Amino acid sequence: MSDERKLKPVYDALESWSYQKAITHCDRLLKFEPQFLMAKALKAQALARLDRLAEADTLAQEIRAAHPTDVVVLNNLALLYRNLDKKADAVAVYEEAIPHASRAKLEPICIQWFMACVRTGAHSLQHKAAVKINHLFKKKQYVMWTIMSLLTQAYDRTTPDAQRKLFFTLAERMLQKSEESGDLDTAEGLWAYLQFLEEHGQFGRGLAILAKPRWQTPMDLDPMLLDRKLHFHLCHGEFQSARELAEDRLQTGCEDWQYYQILVDALVGALRAQLDSASPVVETAVAETTATWQAFFEKRPTSRAALLAQLEFYHQLSQLAQVRASDAQPSRIGTLIHAYVSEMGTRPSAFDDIKKYLGSLEGADREALIAAMRGSFEKADRQVRSPFQKDTPLREYLNHVKVYLTRYSEHDPSAHVSGLHVCHSLAQAFGQRPAAPKDGHGDDLANFDDCLLLAAQMLAFRAFSASPVDQQEAFIYAALMLLETGVQASPDNFHFKLLAVRLYAHAGEFQRAQSLYRTLSIKHVQHDTLSYWVTGLGHVVGHYTEEVRLGYDGLTIYDSNQVETPDMLALALRNGAYSQIRDFLEFQRRLADSLHRRVLLTTTLRSEFVSMGSLEDLLDMLKHAELHDFPYAVAQTVDVFVDNRDFTVLPFPGDEVEAATLEFRTRPDTTGSGAEYRTVALAMHILHHLACYHVDQLGPLVSELDSLIPARSGPTPPCYAGSFWFVRLVCDLGRVVAEVYAAFRADPPTAAPFPREGLAERLLSVLDLPRALTQALSDWGTQSPVMTPTLREASALVELCNTIALVLKVLKEYQPNPADAGPYQSLVNEFSRGAQFCFEEAARRCRQVYEGVSAPEFQARLLRRMAGSNEVAGILTAAGVTGPTTVSTHLLSSWQASLENSAREVERRLGYF
Amino acid sequence: MTTIRRFSALDLFSFNNINLDVFTENYTISFYLQYLAKWPGIPATGMTRSARTMGYMMGKVEGIGRDWHGHVTAVTVAPEYRRLGLARRLMALLEDATDRVYSGYFVDLFVRKSNHLAVNMYKRLGYVVYRRVIGYYSSDGDDPEDAYDMRKAMSRDTHKLSMIPLKHPVRPEDVWN
Chain A
1 MSDERKLKPV YDALESWSYQ KAITHCDRLL KFEPQFLMAK ALKAQALARL
51 DRLAEADTLA QEIRAAHPTD VVVLNNLALL YRNLDKKADA VAVYEEAIPH
101 ASRAKLEPIC IQWFMACVRT GAHSLQHKAA VKINHLFKKK QYVMWTIMSL
151 LTQAYDRTTP DAQRKLFFTL AERMLQKSEE SGDLDTAEGL WAYLQFLEEH
201 GQFGRGLAIL AKPRWQTPMD LDPMLLDRKL HFHLCHGEFQ SARELAEDRL
251 QTGCEDWQYY QILVDALVGA LRAQLDSASP VVETAVAETT ATWQAFFEKR
301 PTSRAALLAQ LEFYHQLSQL AQVRASDAQP SRIGTLIHAY VSEMGTRPSA
351 FDDIKKYLGS LEGADREALI AAMRGSFEKA DRQVRSPFQK DTPLREYLNH
401 VKVYLTRYSE HDPSAHVSGL HVCHSLAQAF GQRPAAPKDG HGDDLANFDD
451 CLLLAAQMLA FRAFSASPVD QQEAFIYAAL MLLETGVQAS PDNFHFKLLA
501 VRLYAHAGEF QRAQSLYRTL SIKHVQHDTL SYWVTGLGHV VGHYTEEVRL
551 GYDGLTIYDS NQVETPDMLA LALRNGAYSQ IRDFLEFQRR LADSLHRRVL
601 LTTTLRSEFV SMGSLEDLLD MLKHAELHDF PYAVAQTVDV FVDNRDFTVL
651 PFPGDEVEAA TLEFRTRPDT TGSGAEYRTV ALAMHILHHL ACYHVDQLGP
701 LVSELDSLIP ARSGPTPPCY AGSFWFVRLV CDLGRVVAEV YAAFRADPPT
751 AAPFPREGLA ERLLSVLDLP RALTQALSDW GTQSPVMTPT LREASALVEL
801 CNTIALVLKV LKEYQPNPAD AGPYQSLVNE FSRGAQFCFE EAARRCRQVY
851 EGVSAPEFQA RLLRRMAGSN EVAGILTAAG VTGPTTVSTH LLSSWQASLE
901 NSAREVERRL GYF
Chain B
1 MTTIRRFSAL DLFSFNNINL DVFTENYTIS FYLQYLAKWP GIPATGMTRS
51 ARTMGYMMGK VEGIGRDWHG HVTAVTVAPE YRRLGLARRL MALLEDATDR
101 VYSGYFVDLF VRKSNHLAVN MYKRLGYVVY RRVIGYYSSD GDDPEDAYDM
151 RKAMSRDTHK LSMIPLKHPV RPEDVWN
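Residue numbers (UniProt numbering), protein chains in the order written: chain A, 1 to 913; chain B, 1 to 177.
No lab work stands behind these hints, which were simulated from the structure alone. As the structure is a prediction and not an experimental result, all values here were calculated from the model. Take these hints with a grain of salt, some might be off.
What the hints assert, rightly or not - To give an idea of the interface, some chain A residues facing chain B are shown, with a C-beta separation under 8 Å as derived from the structure:
(1) Tyr11
(2) Glu55
(3) Met224
(4) Asp256
(5) Trp257
(6) Gln258
(7) Met568
(8) Arg590
The C-beta atom is built at its ideal place from N, Cα and C for all residues, glycine as well.
The whole structure should be built from the sequences, with the hints applied where relevant.
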């Protein structure tokens, strides 16, 4: 009987997760054949899966002692070690097998050795394996593996600069040699080489390589390779060649924007070079370039891209310092914009296209443009309405609506009425949907789901742009009611849940948001989508346990993605997809450095701390967490927040906090995304944690924050983490903590005198919290975007008490030098008295808030809000939503629970005294 | 304002504007990376001037003998960039690669039977319904839905044999085997 047949029952048992059964089968086989290594390896796998790790490890050692050379046994051993998180052993099993392997078995083992290094991130060993395998078997693929291993080490951020340079130099030499000798003979190899040259600004060499006859065929076959050549010409300052190639591409009917862009860049680049070098008569040079440009476009019919290319050309021209004075360009830009709007204004992306140039318009031009835009909206509106009346297929209609939706919500507030008309039509379509067929899920039903989804989306857009708060609430609640109706009608349609999670989170409704979020699978959540909206909300309403659980769920997603990526890296190398290696490594790194991941970790740790109330536990957790898991400030932080989705692009700035700057984080947000305030809220997180652990780094960070924040003025916009004032208050507290630490924690005690006077003053200023608290509470009532003021107050109270508790714990747990013990104790006592007063005030207020939202009152208020908008009520009726029961039940029970929780948390703090 | 380029692993960080759309399938990260690792020259993406992802195409080549063909796994465009011909451009890229680089006999794709808009678009691009696959789309909790296997012959299939429709529908296992 072959080994495969003997082992089949074991494989079957493993596949059906019957691990005990698999062990029994293995034992039976081993009884007759004690040295059956494959049976031992599979038994070890089964043991590991039953969490009998020590037994699995012992068995693995036993197998290794027998010096196996069968690659399947080795693969199983390596897999086992990876599961046991013994990465070095996963590599070592292959390395050990090499001296014992026959020539025939050697190559597969070496390949697996190399792949094991890739999978475990052992870059240096990976290089060693590649060199050895190349030396033994001399194949072109192994040369490339060696080169890619050098580059992998160079891209590794932990590699010292000097070594990195060396790796780049070695890789460059090998690439050059391989290209010249013909070893680099695949398009993928060429792509990788060009990538390298582009990264190092060696465009000339890249062009020289691409000019070789043997690369003509790959370039003919891969138009994107030709695009690289074009790009290289432009970057190398060969404007004429770039222009000719771009023109060629455009002449062949390829209307991609990149060719127009290169054409414009080449012409303007050439002009700029001319102006910089020879200083000729400016008007002549500009006139010549413009004439060339016009000659090109006269031959072409007007197309969208061509029209925009002209806009881009004149825009770039107007940016040249020498040309700006000619004063001829703005009106030309205006004319082109008008032409574009009248010809292409109904296109979905029209206004995104011309946004960049609108700033060039002045006075009458601007007014004329607004009129033209309004005209195009009306045209789009007619397009939206007409197909519906003609019974156009629903999907087509929806497509029109989506176009319209983008238009009306982003650009034309006056379209509000017709927007709601569309929304009403959609809700009506859902309300009148045919009954679901008995034999399954009918085609049309899915379409009607879309109707409801779009209607909810439109209401949500409307809510975000509405004021006052009452109206916002009416739209949000209505959208939620439609979505809850959708969830009930189609529980498997995850899009209802995706939108509902966001809206519930926006409304401050943590419990429902998180319960819906938890029903979504990893496929829908990926690594950077909705957890942002939900995680963090639990903290402010005191649901620490649930928030911690949610945080770990989010981190699991990152972990699983990170585990999968190295396998894909190995797959890419095996398949010769060399152009992908750099991006795969970068992808992996960005997952690890993800800002969102750090926020999750920070929030989770913080919630764990607050729920346990133990500084020791927090410190212990922080000691085990990597330092770079905390969100420091770098330039990209604001960008990722502005993007509002991609939380995964934050590079780690290094271990020096001083090197990072908060300037970026507090940069005014011009996008309306609220990025500034979220980043300030993040600063709050940092302060908490640094206060506990990295106290020596806290000082400069707080000073910087302090110097930036007072400079800001004006009304405080809504912020998920509370008002601006509140953040400032927390910063003050953080500063106090920092100074207390700095003064008392010197080890050994320094000669610096303890600044008792100054410290006392600062502490006393913090003791004035009740007054500040009253001020904050009166402010929050008017600043709340959607969340009810009462809930927001309660959330803020919990947050505030957490902060004070933290300070208090720090003060109480510190053991001062005997000489300082007296004054220190009196300060602590004074602070405690003030804090106790503050807590009592907070608890009283919280209980008051909780009692103020009794069920009948809350229900009545919710209904009042709903009835406040006839339009909204009409939409709900059209959709067949009979009353606000579904959502109001969720909201009422959840908010009550949140308030109760908040009150309990604040009262719990009083136990400190 | 479209720039077409190769799909990169880093695009996975910024394609949520497309993937959270109602009609777009969302796969696991390793699924996308696998395509890039195996067929790096095929997946492509369209970007706006401001580097916003407009749409993308994932595809592969597979099969043995006369079944050697290109396969469209996903072609999708963000709602705000539809009706600009981007899907057509992305499909053309895959067809070009199948035809000239890999010498495949045909390109095929699976589409939900109910997605009339997509079916009509593929028909306009020269695809025909080769066969119906019963209950091809099914996942936990969903009722299964039939798929159309649509095909378009490439120049290697001179007599367009790959496009002759089957008379009877097939089961998913017939497709996978």
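Comparing the hints with the structure gives:
A cut of 8 Å between beta carbons decides the hint on Tyr11/A: the least distance to chain B is about 20 Å, and the hint is violated. Annotation: interface hint on Glu55/A violated; nearest CB of chain B at approximately 31 Å, more than 8 Å. Evaluation of the Met224/A hint against chain B yields a held restraint, the C-beta minimum of about 6 Å falling below 8 Å. Hint on Asp256/A holds. Least Cβ distance to chain B is approximately 6 Å, under the 8 Å limit.
Interface restraint check: Trp257/A against chain B, minimum CB-CB distance 5 Å, threshold 8 Å, status holds. With its C-beta approaching chain B no nearer than about 4 Å, Gln258/A sits inside the 8 Å limit, and its interface hint holds. Taking 8 Å as the C-beta contact cut-off toward chain B, the hint placing Met568/A at the interface holds, the least distance being around 4 Å. With its C-beta approaching chain B no nearer than about 7 Å, Arg590/A sits inside the 8 Å limit, and its interface hint holds.
Taken one by one, the earlier hints fail for this structure at numbers 1 and 2, listed in ascending order.
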